[in-house]
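Here is how the chains run, residue by residue.
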Amino acid sequence: MSKSGKFSLYYFSSPQSFYPLAGALQPWFAALAAVLCAAGLYISFFVAPTDAQQGESYRIIFIHVPAAWMSMFLYLVMGFWSGVGLVLNTRLSSMVATALAPTGALFTFIALWTGALWGKPTWGTWWVWDARLTSELILLFLYIGFMALQAAIDDQRRADKAGAVLALVGVINIPIIYFSVQWWSTLHQGASVSMKSAPTMAATMLLGMLIMALGFWMYSIAATLARVRCVILERERHTDWVAAEIGGQK
Amino acid sequence: MIRALGWVLRRDLLLAFRRRGDVVNALVFFVIVVSLFPLGVGPEASQLRNMAPGVLWVAALLACMLSLARLFAPDHQDGTLEQMLLAGEPLVVLVMGKVLSHWLMSGLPLVLIAPLLGLQFDLPADALVVLCVSLLIGTPVLSLIGAVGAALTLGVRGSGVLVALLVLPLFVPVLIFGAGSVGATAAGTGAEAHLLLLGGFLALALVLAPWASAAALRIAME
Amino acid sequence: MIRALGWVLRRDLLLAFRRRGDVVNALVFFVIVVSLFPLGVGPEASQLRNMAPGVLWVAALLACMLSLARLFAPDHQDGTLEQMLLAGEPLVVLVMGKVLSHWLMSGLPLVLIAPLLGLQFDLPADALVVLCVSLLIGTPVLSLIGAVGAALTLGVRGSGVLVALLVLPLFVPVLIFGAGSVGATAAGTGAEAHLLLLGGFLALALVLAPWASAAALRIAME
Amino acid sequence: MLEARRLECTRGDRRLFSDLSFSLNGGQLLRVAGANGSGKTSLLRIMCGLVSPSAGELRWQGRPIRAEREEYSRNLVFIGHLNALKDDLTALENLQIAAALGGMPADSGRMLSGLDRFGVAHCAELPAKVLSQGQRRRVALARLALTPAVPLWILDEPFSALDVGAVVELERLLASHLASGGMVVLTTHQEVQVVAHAILRVDLDLHSAALQAA
Amino acid sequence: MLEARRLECTRGDRRLFSDLSFSLNGGQLLRVAGANGSGKTSLLRIMCGLVSPSAGELRWQGRPIRAEREEYSRNLVFIGHLNALKDDLTALENLQIAAALGGMPADSGRMLSGLDRFGVAHCAELPAKVLSQGQRRRVALARLALTPAVPLWILDEPFSALDVGAVVELERLLASHLASGGMVVLTTHQEVQVVAHAILRVDLDLHSAALQAA
Amino acid sequence: MNWGNWQNFLAMGGYGLYVWGSYAVTLIVLIAEIVALVTRRRGVIEHLAKYYAARRRNDET
Ligand code: HEM
Ligand SMILES: Nc1ncnc2c1ncn2[C@@H]1O[C@H](COP(=O)(O)OP(=O)(O)OP(=O)(O)O)[C@@H](O)[C@H]1O
Ligand SMILES: Nc1ncnc2c1ncn2[C@@H]1O[C@H](COP(=O)(O)OP(=O)(O)OP(=O)(O)O)[C@@H](O)[C@H]1O
Ligand SMILES: [Mg+2]
Ligand SMILES: [Mg+2]
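If you read the sequences in order, they're chains A, B, C, D, E and F. With my numbering applied, the first sequence covers 1 to 250. With my numbering applied, the second sequence covers 1001 to 1222. With my numbering applied, the third sequence covers 2001 to 2222. With my numbering applied, the fourth sequence covers 3001 to 3214. With my numbering applied, the fifth sequence covers 4001 to 4214. With my numbering applied, the sixth sequence covers 5001 to 5061.
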């Protein structure tokens, strides 16, 4: 997404020209995502060795970490496009930001869920109020806030702009939250649990994680492109080109 | 009469559905408040476990209270409340409809999500069950009492805080026995007595609160 | 410009004075929420002392948040906000005036009453001082961030809960360092670092939040 | 028959009107006149039973209205300054719910014909909040088209915000209600051109001598 | 001089008007006409700079209004559907604050004379919430009496809720503003009787051919 | 890596519940998103088709 948007900002910043481009690119990203995820899964179950300390439970890492990465990365991308939309008043950027949010929230949820399932066997509890966990939870709230705000406003232009202001405020806040939570937790908590006890990674593990991360990334692009196309159709319905487009498909 | 109740209920649920977010929002507010406490208090598990029943119940109470602002005030402002008073149906019935929809939108979701939050505080399984049951009996009481407060503060400016002031003291018994039931289970002393009392409150509130709200509404319209 | 800020301030304080109750109400809400906790959690002194900073700060946060509904919404509804946008003064200045009056009415009273509540939780004297100082630095940040949220949800229905959803996550750092400073004092580790950070947040919020609120207000009027 | 006996209304320190008596029969239109602030809205709210007068009483079919509030309510339609529309519901849904709560059947066919009568059928599916001031008024008034059987209509400035076409339509509707034996009470600062066999007029400026002197 | 160039306004799916151009000079009154829902209010809000048009632009003294929003705002008074009164403040305080925020001196003598002009001086000390609909409108309009020097007045249905006396007073005030070189833009469904050397008229019903067909 | 048989693979060294719980939920969630996207697109197109048909009908009359 970010690539095609930046690549030829001027031409493709109009929804009309972006719509077919997105349609053309979307299957490729989807296919790439499928291939990468399949490869990643193969590595994670059949190539990567059993972990000495954690046994097989560590295999959760292959989705947990990529999902966690994506959840944070997508928020940044969302903030970026929101900002572009707000400053340059380009409709497409706002649509992209809107389309990114659900996927981002989804990966946040996955990171939380898999983390919780991983925590039970390794830490003996589903949840601790640790720095990373807490900031990930707050990230989920930020995503939900963004989506709830946009959903609550009927006027599209207004929803875009309001969402953009919120996303930008949130982007400033994320590092602040991250560091405050980290500091807070290390201040109070003894040496109970820390991520550092995670195993030093074998090369195959790292490879598997990276491939899965790439797969999730491609998936996010594909999903976002698909959603952007819906959003474009919904919002541009009174233009002639959408009328022609849908007329053609019918 | 039942028909009128049905229409009020239908109307309010439709409105809630239109605003989509609303139901989810009350829920998310609950979740967020509960999550704030560990941030304020610190992450030690045992301390959090002790606090859990109190925190969850106080949060439920606040979530319910916050949503009271939406119970009558919007209808008052746009004149639809006036029309309800003139509907030719007993006002009590209409009030019941509104309270019921309020509970469905702000109480019930809390009951459903509470176990998940209890897990975050590391509550044992039986305490989780009692938590749910106590909320199931307790939140309708909150809605009922809250309706009286909301009706009394109608049209009074700054009513957001005033309503809190009026209803929170009345919520206290519910809070004590609600949180108490969970605490008792966690401590192994059994929660029946607490829950029975909560049930008693519910019966009492069901009988009295709608009349009081209806009377308060009539006064507010003068 | 300063004159305009003065008039906005004067107007809002006059309004608050007319409604009398309002200032007291925010305060009483704070007091009630803080007092609910011992009821929900049980009366053990040591546990209460540990909880105290967190509970006090969370209550302050909720009190501030509740009063956000009154920040722009009434002005929006009766059309006076529109007039402010057309006043020919920079909107940022007017927003500053409104935020300042909001803090004077909902933040400052909390700072003043907090030591008394801290005493109830058996906090030591130095912790009480730090509590006051941290609230004094922290509550303006809450008002500032809150203004952004209030402006964003303006005219959106069900905004009472939505605003909570938007601003509470943003309040988290303030909460952590605010409550942290008190906790650190009680634990004897010194609160300077926390307070400095809170000061940093205040500076940042002062610079950014009014602009964001003004932008959000303009968006809301479209 | 609606009968007012020596009504008096006091607001704050001011006596708005006193000693106001009149009676209204089927087929009659009562126009409440008076300058701004003379108490027209207050009188109408008293007549609905929303506010009780500081002295005097109102009788419906010979019985005081306080005694049987619900029964009386079923016999009247009140449209006030406020349009009583929920911003988030569509025009159609608003009308439907208003009708249902008033005890009318609420099928959407009838509703649509009501909206159509006031030229807002094309807005039926729009949420009320996006409607213009005049369109909102029209939707509120569409209730009248659905409730010809309710005898007493009480309307507070029904013509405000309406354009010329809608004013004519409303006048026609009032005339036909009166012709079929209904009663109408209204306030307006514009001239009314309703064909009715009797137009009564209460001028509050005359009933508030005390006020004028002050 | 205010100049509109090919303005267009879209709301939801509907194009309310398009290709709307006009210009307004000192001493001229512009009456925006159109049926309910034709977009009068939307046009007025665009002219105030509260909403941006979906196409076209507005120029004030030759410069686009978007460029210098605050400067432009100082040159106009807008009175909308809403009266912009705080319910809890008295009429006098309301007027004072409105004047002060508009950059006028706000001594209570001047304010009282403004209220007096619209016959609500006796309500000066009453909180706005107890005023009648028409009295509230009068208080809002009293701002006009205080700001003769502000050239551009934009008024959305200023006559609504006013009784006959107040209508005449307002017409007189508008006429004197125009005579001293001011500009007035207004919408109304009533007939205007303002003495002015030029009354322009924009009829939105004519600018929405596309809409009428739909 | 050789798991030997399905039982071993499913047991995941005793951590089956957690590992499969994670992977299954991830899969479900992603599939749910895909389904939601497909139905949304279909819904949009259907809605628009109706919308244009209505508009055309309006234009004709
Ligand atoms: C609900 C619980 C959990 C959440 C929300 C969570 C969240 C996160 C996040 C946000 C990251 C990315 C951070 C970064 O790269 O800087 C991450 C990475 C990671 N998590 Fe978790 N986690 C959870 C539970 C766990 C558990 C139980 C374990 C293992 C015992 C674990 C092990 C890891 C590892 C090894 C990484 C990669 C670290 C790195 O690349 O630096 N997580 N987690
Ligand atoms: N989201 C939307 N979808 C469709 N139509 C909309 C939407 N928002 C606004 N409208 C239409 O835009 C118009 C707004 O009109 P506006 O308020 O400017 O009318 P007006 O000329 O002032 O009317 P009135 O005389 O009744 O005050 C209305 O016809 C309304 O139905
Ligand atoms: N507390 C009070 N103290 C003094 N006067 C009051 C008080 N409350 C209301 N009033 C007066 O009562 C009157 C209420 O009038 P009402 O709204 O019935 O007028 P109306 O005839 O409908 O006027 P309009 O034509 O403007 O709608 C106003 O003159 C108002 O000033
Ligand atoms: Mg009136
Ligand atoms: Mg209008």
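Quick caveat, the hints were computed from the structure, so don't treat them as lab data. Just so we're clear, the structure is a prediction, and the values are computed from it rather than from any experiment. Please note that the accuracy of each hint is not assured.
[What the hints assert, rightly or not] Derived contacts from chain E toward chain D, CB cut-off under 7 Å, selection only:
#	residue
1	Ala4033
2	Asn4036
3	Gly4037
4	Ser4160
5	His4189
6	Gln4193
7	His4197
[Unchecked claim] Beyond 12 Å from chain D on every Cβ pair, some chain E residues (computed):
#	residue
8	Arg4015
9	Ser4023
10	Gly4027
11	Asp4107
12	Ala4149
Don't be surprised by glycine CBs; every beta carbon is placed ideally from N, CA and C.
List in ascending order the numbers of the hints, as given earlier, that are violated by the structure. Those not satisfied are hints 1, 6, 7.
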